[in-house]
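Listed below, chain by chain, are the residues.
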Amino acid sequence: MNLSISDLIYIILALPVIFSLISATNLLPKDGLHWLNRITATVVFVVLVQLVLNFDVNSPYRDEYLYLDALSVWMLLIIGTLYLAFAWTSKAYLDRDTNKRYGYLRRFGRLEGRFYALSHMFVWIMLGVVVVNNLGLMWVAIEATTLVSALLVAFKFTRTSLEAAWKYVMVCTVGICLALLGTILVYYIQLTCVGNTNPLDWLYLAQHVDNIDTGMAKLAFCFLFVGYGTKIGLAPMHAWLPDAHSEAPALTSGLLSGALCICAIYALIRNMIILLPAIGVDFVSGLCLFFGLFTVAMAVPFVLVQRDVKRMLAYSSMENFGLMMAALGFFVPMAAQAMLLHMFNHALVKYSLFYTAGTIMEEFGTKNMMRIHGMMSQTPRTALFWLLGIVGILGMPPFGIFFSKFFIVFGFFQSEHPWLGILMLVLLAGMLIGILYHVMRMFGGQSKRKHAIELFGVVDSLTLAGLLLFSCVASAGLGQIDVLNTLLQHAAQIVLGGVY
Amino acid sequence: MDYLVVFLVLVVFLQTRITDLRRAVICMASQSLIIACACFWLGLSYSSGFHAFVPGLLTLAVKVIFIPGAVLHLVGKLTNEREILSESNVNYSTMAAALFLVLGYALVERLLPGSAGRDIVAASILMIMTGLSMMVLRKRAIIQIVGLITLENGIYLLGLLLTQGLPLVVELGVFLDVLIAVVVLVILTSRMRLSFMTTDTSVMKKLKG
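Protein sequences appear in the order of chains A and B.
With the numbering used here, letter number 205 in the first sequence gets 205, and the count goes up by one each step, no holes.
With the numbering used here, letter number 194 in the second sequence gets 194, and the count goes up by one each step, no holes.
It is possible that some hints are incorrect.
Among chain A residues calculated to face chain B with C-beta under 10 Å, some are [stated by the list, open to error]: (1) Ala-117; (2) Trp-166; (3) Ile-176; (4) Cys-177; (5) Cys-193; (6) Asn-196; (7) Leu-203; (8) Ala-206; (9) Met-216; (10) Pro-242; (11) Asp-243; (12) Ser-246; (13) Met-396; (14) Gly-430.
For the record, the hints were derived by calculation from the structure and aren't laboratory data.
Please read all numbers here as calculations on a predicted model, not as lab measurements.
Beta carbons are placed, not taken as given, at the ideal position from N, Cα and C, and that holds for glycine.
Chain B with its partners taken away, still in its complex shape:
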């Protein structure tokens, strides 16, 4: 499990530095793959039988295969698109991620001192905060979708650790929602490409006041 957390933190840090859309999506998929591994690991250690495999399999099917597939299909249609960021900006967001990690550990020490899953909670807080900052600060629609999935993964990981997974029906519903959310966002992004000729969300600033 420790190795998984290390890989997870590594992937999230990498995510703050990537500007190429295709690589960002692949990075998101590998992050979800790590979450799926964590699901299997936790599932097998807490319960047995069918329920142990369901969250992991669902994560694998929805977040590792379907969502990145759909987003990559969309990225394939976009030409010459990458996140426009200068070198210093990227460094700042990596710095911010490092701060979030420190913040995560500080929070864990305050809230749940001496708990077993200290590293996992810190990693999930890192993912939540990084996902939020990606959604707010980055301009490209695809990167914002990646940020949303990162946020969702972070919350999911936290839930997995705290409660060993939600009840099965709720779990299924949450996955269904994530699935629909990505489908809706992909539809909106492709319409955006048609009407604005770009997926840069900063061109959309007509509605004010």
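The following block holds chain A by itself, in its conformation from the complex:
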């Protein structure tokens, strides 16, 4: 069967939405729903792999609404991998949450359909963010992700999850409204420069718009930066992030942290490329470096004093987004590649960490890390994955994040910001000490409470192992895997302002 790129991309975009409509009707039996969910995601992933293999990085695909270049394909790969992982871990998670004896959702019937419908819709909209060609539609899709994921954050309808969801919608909608203002200003710039053919079409803008008024471009970029920065979770606008990540169901937290925030980075990059010739590298670089470092600096103290296991992971996500923004600010090819690779590694490792944290919360009946002891002896398999994930996220050598973090930190020195590089290393060391302190306490000792039961099954263990291994192999062996390597190089070129 020989499918063209447009067939492949339409299959990818069609399947999740079909499945979410089916599951919203709630007609399927429970097992059928779980299997159909797995089949949908697996088929999407296989088609995606086919797309990555067939895709020619030198000739981007475009039609009336879609635009696909190396950067979009790289983002599709990240989201698609998380989608696959989501589908293969969701049954274990939902079975636990709806368990007759202890599951939180046991009082409600038939929640699986609603959960699947919302989650697949969420993933579908994120896929939409990275393939649309129009900056306005990109904005629409980002705002839609907020709204769909808000219902997922509040899925359990507890008091705390309602609070988190309310804060999430309010803060993010205000931020995203400012981004709309920025998008309107970009459209205004287009109208004054080239007129209204192909309104807001990214490729057209990137190729044709020049002689932009610098003041207007700076104003537009500031609004876009604040707007999408809110969604990324940059420091002064991060109030929603730890709440939403810690109160959402574990699977949703993984998707939020792994895929959603980097979609916002993607939207920011696309807008930045258009405005870059007018505002100059220095302005963008200063903003990105300052807010990136500030985000990391804000996250470190909160990790040190943290009690809540998922909040700790949320602050660790903030640290990683700060690192990515700083890497974006260097405008060095190597750092841009490292940033894209870091997006990939962080997504995979953080998803598995959030899933493991959700499992730990079920096993020990608490999310307070001070009350969890003796994981090694009581729940060895969970402890193994928890340790692997933590070692991975802290950037220790055998894991993928080591490579991307190393090259990002190297970028500081390469782009002549050595003192900022040293500051970043100190902050990263603080992060490492904070997280390891909490995690090591959880491993050793004896539990004073009743004996915890191992809840990790076979399927989810295999999925998580696959995720960790994939991140490891893809980053360590990047030089050997030609497809990924060329894709990454071209994507980095696009980030730096070249149109494919």
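Got chain A sorted already, so can you dock chain B onto it with the hints?
Positioned in the frame of chain A, the structure of chain B alone reads:
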């Protein structure tokens, strides 16, 4: 058009003084109605045919009829709820709105001196700032939703003036998003009423650090 701006400013000032939820929602609806009129006026003066009517009709359907309807339906279920504010607080927020209006005119003079839509830009900056301050300072969920819609209307008005409306597909998407946002917020508010027995958002302060 001048009359529309005057009415708009009047409605926004009124909004800062209203504490009753039902009246606040009706005030929001009338504000959106003025925006819809502005849409028709601008649409007819810049273009003709189908595209001229679409934004106005959409505003009318979504922001004047559907959103206030949904929020009013929710308000009907709430009993004995109004924004708790003392007289001086209300005066302060009206004062703040006046300051925002002055600020708006000052900004317009700096950024776009001598442009035709000076009053409209100032009014939209007033709406954006007032909407933001309503979302931050007021406690009731419903008033915060009203603030959000005010903010959105302000940005929409500014966009309408600067660019004569976004491309049609984007315009449709923006309206869809506003629609879903309000539906999500209404769902959350009604769940809030069930679990907290109130829609006062200041009771939600458990998550910290």
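Here is what the structure says about each hint:
1. Ala-117: violated (14 Å)
2. Trp-166: holds (6 Å)
3. Ile-176: Where the cut-off is 10 Å and the nearest Cβ of chain B is about 9 Å from Ile-176/A, the hint holds.
4. Cys-177: holds (6 Å)
5. Cys-193: violated (13 Å)
6. Asn-196: This interface hint holds because 8 Å falls under the 10 Å limit.
7. Leu-203: Since chain B brings no Cβ nearer than about 15 Å to Leu-203/A, farther than 10 Å, the hint is violated.
8. Ala-206: violated (17 Å)
9. Met-216: At 9 Å from the nearest chain B Cβ, Met-216/A passes the 10 Å test, so the hint holds.
10. Pro-242: With a closest approach of 8 Å, the Pro-242/A hint holds.
11. Asp-243: holds (5 Å)
12. Ser-246: holds (8 Å)
13. Met-396: At 27 Å from the nearest chain B Cβ, Met-396/A fails the 10 Å test, so the hint is violated.
14. Gly-430: Violated - the Cβ of Gly-430/A stays beyond 10 Å from chain B, reaching only about 17 Å at its closest.
When held up to the earlier numbered hints, the structure conflicts with 1, 5, 7, 8, 13, 14 and fits the remainder.
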